[in-house]
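Asks: Okay, here's what each chain looks like letter by letter:
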Amino acid sequence: NAGVMQNPRHLVRRRGQEARLRCSPMKGHSHVYWYRQLPEEGLKFMVYLQKENIIDESGMPKERFSAEFPKEGPSILRIQQVVRGDSAAYFCASSAAPTGAPQHFGDGTRLSIL
Amino acid sequence: KQEVTQIPAALSVPEGENLVLNCSFTDSAIYNLQWFRQDPGKGLTSLLLIQSSQREQTSGRLNASLDKSSGRSTLYIAASQPGDSATYLCAVKEETSGSRLTFGEGTQLTVNP
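Quick note, the sequences are listed as chains Z and W, same order. Numbering follows this note's numbering, in which position 97 of the first sequence is assigned residue number 97; successive positions increment by one, without gaps. Numbering follows this note's numbering, in which position 70 of the second sequence is assigned residue number 70; successive positions increment by one, without gaps.
Don't read these hints as lab results, they were simulated from the structure. Built from N, CA and C at the ideal position, the CB exists for glycine as well. Warning: the hint list may mix true and false statements.
[Said to hold, decoys possible] Covered stretches of chain W, as calculated for chain Z (at least 3 residues, CB under 8 angstroms):
1. 26-34
2. 63-73
[Said to hold, decoys possible] Here are some, though not all, of the chain W residues that point toward chain Z, as calculated from beta-carbon distances under 10 angstroms:
3. Pro14
4. Glu17
5. Asn18
6. Lys93
7. Arg100
8. Leu101
9. Gly106
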């Protein structure tokens, strides 16, 4: 499968725990984007990364959220000390270029906070 | 701040009908506009990408048009089928905000057999 791969598909955490979401972009894509879809809301941009660099994090909450895209391995979205309001579907997308090229999405990680 | 609106929010049609989904955006300074479909519990499937210099794109039974100056796009689906039932999302990539997409809230389409 050459598509964007996200894991896990479903993640359950208790309040205060950490959540780590992984995303492997399509082969040949070096641009990764994270979006969040809260219940009954549209998708909202969180962060845009290239290999080893955060390019735009204007959509990231100021606290508890971080993202990385290391030289080797998948991109990681990390949420520390999760709260009920973090329950959402988190989608990763990748593209071959920052502008002009389509973004291709993974199937998402559904995060549930108990 | 860019805002993307999709009308209608929901649409139910009998199989075989041709239909039009609408998308409008407030800031016309865009690189491109992308239409997606989202099935329940799934990710987004890219349907069509229209660059700002283009007027329309076609793929099979789908045709998307773009009127950048008026801030509008339409997705035309010909001869609808039950398998077309999904939520359709449009998203714009702005010239001034880097590479992120700004999404509408979608149109939920149901095609009845």
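Asks: Against this structure, judge whether each hint is valid.
Replies: Results of checking the hints against the structure:
no.	hint	verdict
1	26-34	holds (count 3)
2	63-73	violated (count 0)
3	Pro14	28 angstroms, violated
4	Glu17	26 angstroms, violated
5	Asn18	25 angstroms, violated
6	Lys93	7 angstroms, holds
7	Arg100	4 angstroms, holds
8	Leu101	6 angstroms, holds
9	Gly106	7 angstroms, holds
Consistency with the previously given hints fails for numbers 2, 3, 4, 5, ordered from lowest to highest.
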